[in-house]
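Enquirer: Line by line, the protein sequences give chains A and B. So for the first sequence, the numbering used here puts the first residue at 1; every next one is plus one. So for the second sequence, the numbering used here puts the first residue at 1; every next one is plus one.
One should not assume that every hint holds.
Here are the simulated lysine to aspartate or glutamate pairs, EDC-like style, with alpha carbons at most 20 Å apart [unchecked claim]: (1) B:132 x B:93; (2) B:137 x A:170; (3) A:244 x B:214.
For the record, the hints were derived by calculation from the structure and aren't laboratory data.
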Amino acid sequence: MLEGLRAAATGMTAQQRNMDSLSNDIANVNTSGYKHERTSFRDLVATQTGLGGAQGITAGAGAAAGSAGRAWGQGALRITDQPLDVAIQGDGFLQVKRADGSTALTRNGSLQIDARGRVRTPDGALLQPPVTVPAGVSPDEVKISADGTLVAQGRPIGRMTLVSVAAPHELQDAGNGVYTTTAASGRPRAAGADTTLAQGALEASNVDLGDAMVDMMAAQRGFQMASQAVRTQDQMLSIANGIKQ
Amino acid sequence: MERGLYIAASGMLTEQVRQDLISHDLANASTPGYKADRVTTKSFGDLMLSNTQTGQPIGALGLGARIESQVTDLTPGPLRETGVPTDFAVEGEGFFSVRSSGGVRYTRDGQFQTSSNGTLVTAAGDEVLGPKGQPIKVGADGTVAASEVGVTKLTTAKREGDNLFSGAPSGAGPGTVRVGALEGSAVDPITTMVDMLGSLRAFEAGQRVITTIDSTLAKATNQVGTI
Chain A
1 MLEGLRAAAT GMTAQQRNMD SLSNDIANVN TSGYKHERTS FRDLVATQTG
51 LGGAQGITAG AGAAAGSAGR AWGQGALRIT DQPLDVAIQG DGFLQVKRAD
101 GSTALTRNGS LQIDARGRVR TPDGALLQPP VTVPAGVSPD EVKISADGTL
151 VAQGRPIGRM TLVSVAAPHE LQDAGNGVYT TTAASGRPRA AGADTTLAQG
201 ALEASNVDLG DAMVDMMAAQ RGFQMASQAV RTQDQMLSIA NGIKQ
Chain B
1 MERGLYIAAS GMLTEQVRQD LISHDLANAS TPGYKADRVT TKSFGDLMLS
51 NTQTGQPIGA LGLGARIESQ VTDLTPGPLR ETGVPTDFAV EGEGFFSVRS
101 SGGVRYTRDG QFQTSSNGTL VTAAGDEVLG PKGQPIKVGA DGTVAASEVG
151 VTKLTTAKRE GDNLFSGAPS GAGPGTVRVG ALEGSAVDPI TTMVDMLGSL
201 RAFEAGQRVI TTIDSTLAKA TNQVGTI
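Between the sequences and the hints, there should be enough to build the whole structure, so can you do that?
Expert: And the structure:
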């Protein structure tokens with residue numbers, strides 16, 4: 001009896017987790033380089049039922065939700081005309097070195113230069129390998145070509161390296177649109193030639209608000225159905241208790 | 001008279017099992033490729049009653065019911081476009097084959113990923129198999145052609161949990177592979193909710209039978225012989 005109650009409750013937990021990812025997506029509908037989260041569901045193992053079923057009749061233990069990584073589909077390009085804004089087109093990431101010395105990956109190309117002319121992300125991570133805009137060169141003079149080469153006053157001053165990993169869904173989310181590699185994701189390697197940079201633009205979030213809203217409604221109804229099952233199971237327990245008057 | 005108590009109780013136990021299955025179905029309303037089970041109830045062997053003095057047969061008496069058989073309803077669920085190149089759905093009948101730790105298993109959940117060595121794997125990390133049972137290499141552009149993914153027909157699909165089925169394969173399935181789509185859960189909310197209510201009322205009726213027999217017994221034990 002309580003198995004059914006628990007199975008229904010796992011359904012509520014799974015939908016709750018789905019809803020958490022969807023809320024996160026909707027909150028990041030305007031975040032540059034954001035990729036929407038994907039939730040996977042699975043049914044839980046089935047075991048022999050109680051006295052009401054013959055040998056071999058099994059009932060499952062409910063559902064569980066987990067992360068299925070992110071959908072890495074290309075976001076739309078938003079033209080900003082800022083010379084240090086770059087949008088990645090195709091699979092790949094910019095490689096950055098964070099303040100704690102670790103290397104990380106990001107698709108948020110809203111770049112800046114610090115006091116020493118080094119190109120960095122808004123949260124202070126420097127591009128890796130480093131790119132420095134020489135003193136006396138204004139950011140407006142910097143031209144970034146599709147392959148990442150930076151040219152200022154007619155001279156090349158550095159190159160932004162684009163990398164990719166074999167299994168991007170295994171990247172660990174470090175917040176702020178920054179990801180760190182794991183053993184399962186594979187090490188960063190040079191991105192393919194069809195991955196290019198567009199200067200003066202940012203990649204918009206790939207969250208489709210319409211899809212997210214529909215998914216949210218489905219999650220809400222799924223949650224309601226599971227909670228009705230909990231209620232019914234509860235009513236049955238109450239009826240069973242009513243046998244003894 | 002006591003026999004009636006046990007017959008009613010067996011009905012309640014059967015409805016309990018049915019509710020457990022319904023709870024599992026409703027919990028999996030969002031599980032890709034989920035298939036609900038259909039169960040049939042059967043009465044226990046009937047007793048032939050006969051008049052003890054004349055031997056004249058009176059008729060059959062059931063001894064209650066229980067769930068006797070369970071079949072997974074493999075009717076395809078609705079397909080939904082996701083646009084993700086590593087999402088697959090079987091259009092029509094058939095299963096994807098995966099190599100799990102316990103051997104080859106089958107699934108309708110096509111939410112796959114690329115592993116670090118470039119093969120197509122399930123969310124649990126099991127390799128997805130091609131038509132000849134080989135692992136599938138994901139192309140450099142992150143895509144896999146529909147023809148590279150195998151579809152297998154199963155004769156006896158048995159649910160194993162984790163969206164996997166075991167069974168005896170019998171050749172390539174009639175279904176075709178769709179890339180960039182997922183099969184939704186085949187749980188029909190309306191039918192399932194109606195079944196849930198019906199089962200609840202049947203359970204309640206069983207309880208009423210028990211309480212009625214109980215009050216009859218109470219009368220028999222306490223009131224027979226009183227003036």
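Enquirer: With reference to the structure, classify each hint as holding or not holding.
Expert: Quick rundown of the hints versus the structure:
1. B:132 x B:93: holds (18 Å)
2. B:137 x A:170: Distance ~17 Å between residue 137 of chain B and residue 170 of chain A Cα, so the pair holds.
3. A:244 x B:214: Given that 20 Å is the threshold and the Cα spacing comes to 9 Å, the pair holds.
Of the numbered hints given earlier, the model fails none.
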